[in-house]
Amino acid sequence: MTFQFAGVFLGGLIGALTAGRMRFEVERGPRASARMRLLLAFAGGLITGVAARLARGCTSGQALTGGAQLALGSWAFMMAVFAAAFGLAVFLRRQWQ
Amino acid sequence: MKAPLYPLGIIGEEAGFIAIFFLGLFFSASSPERAGFGSSRKLTSIFYFKDWSVLRVMFTAIVVAMLGLLYLTGIGWMDGDAVTVKETILGPDRRRPPARCGLHHRRLLPRHLRRRRGLRQAGCLRLHRRHVRRHVPVHLPL
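Here the protein sequences come in this chain order: Y and D.
So for the first sequence, the working numbering puts the first residue at 1; every next one is plus one.
So for the second sequence, the working numbering puts the first residue at 1001; every next one is plus one.
No lab work stands behind these hints, which were simulated from the structure alone.
Since this is a predicted model, take the numbers as computed values, not measurements.
Yeah, the Cβ is synthetic: ideal placement off N, Cα and C, and Gly gets one too.
Watch out, some of these pointers could steer you wrong.
Below, a sample of chain D positions facing chain Y; criterion: calculated Cβ distance under 7 Å [stated by the list, open to error]:
| hint | residue |
| --- | --- |
| 1 | GLY1024 |
| 2 | LEU1025 |
| 3 | ARG1034 |
| 4 | SER1039 |
| 5 | ILE1062 |
| 6 | LYS1086 |
| 7 | THR1088 |
Heads up, incomplete: computed chain Y residues facing chain D, CB under 7 Å, no partners named [unchecked claim]:
| hint | residue |
| --- | --- |
| 8 | PHE3 |
| 9 | GLY12 |
| 10 | GLU27 |
| 11 | SER74 |
Construct all of the structure, not just a fragment, from the sequences and the given hints.
Structure (structure tokens):
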């Protein structure tokens, strides 16, 4: 996994550099504060980490890989993820829109 | 050479590490960066019904991988049985409740799973066999 992360980091860096998109910024909606965005991102990362261990996979491991294999559990995971995200997004609209 | 390379023992651990490094490199250079998925605003805009590219990319990836699995297995370049498929677990795994976790407390479990004992005793009792939900592994019909 560590080797993959190293590759992911380098690949993203190379992609951003060659496309001339390399800059520091906190991605957020026009009315959101950078501090709040970073806090929410950190909390989201924590929850996602715990949940991915519980569900035995994340969007890549379950939804994409399992989805391509037509694994029933993975499709259930995908539906649950999208349903929960659409539901929660209503409350976080200010952060993005 | 036949896929999957690592589970079939065709490549060792070292070659696997090198391969996964390059897989990660090409993945992040193409998908997140070039396709614009490095932007969390673009990623979240699907949930405000504005930009559906996340869904399109996800399902295109699924269909491409699905066709790849199908055809590679079909022409014999891939061993479908050696590919790990995630088992189906649609609820909490109740097979081995951790001892003394207090999960058998009357309010935390549905009626048919409760034991008529106090919390202290019940916590380390195993559930009755007929209440045990088993995993049903789902295999690819390839």
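Index of numbered hints that the structure contradicts, given in increasing order: Nothing - there is no hint that the structure violates, so all of them hold.
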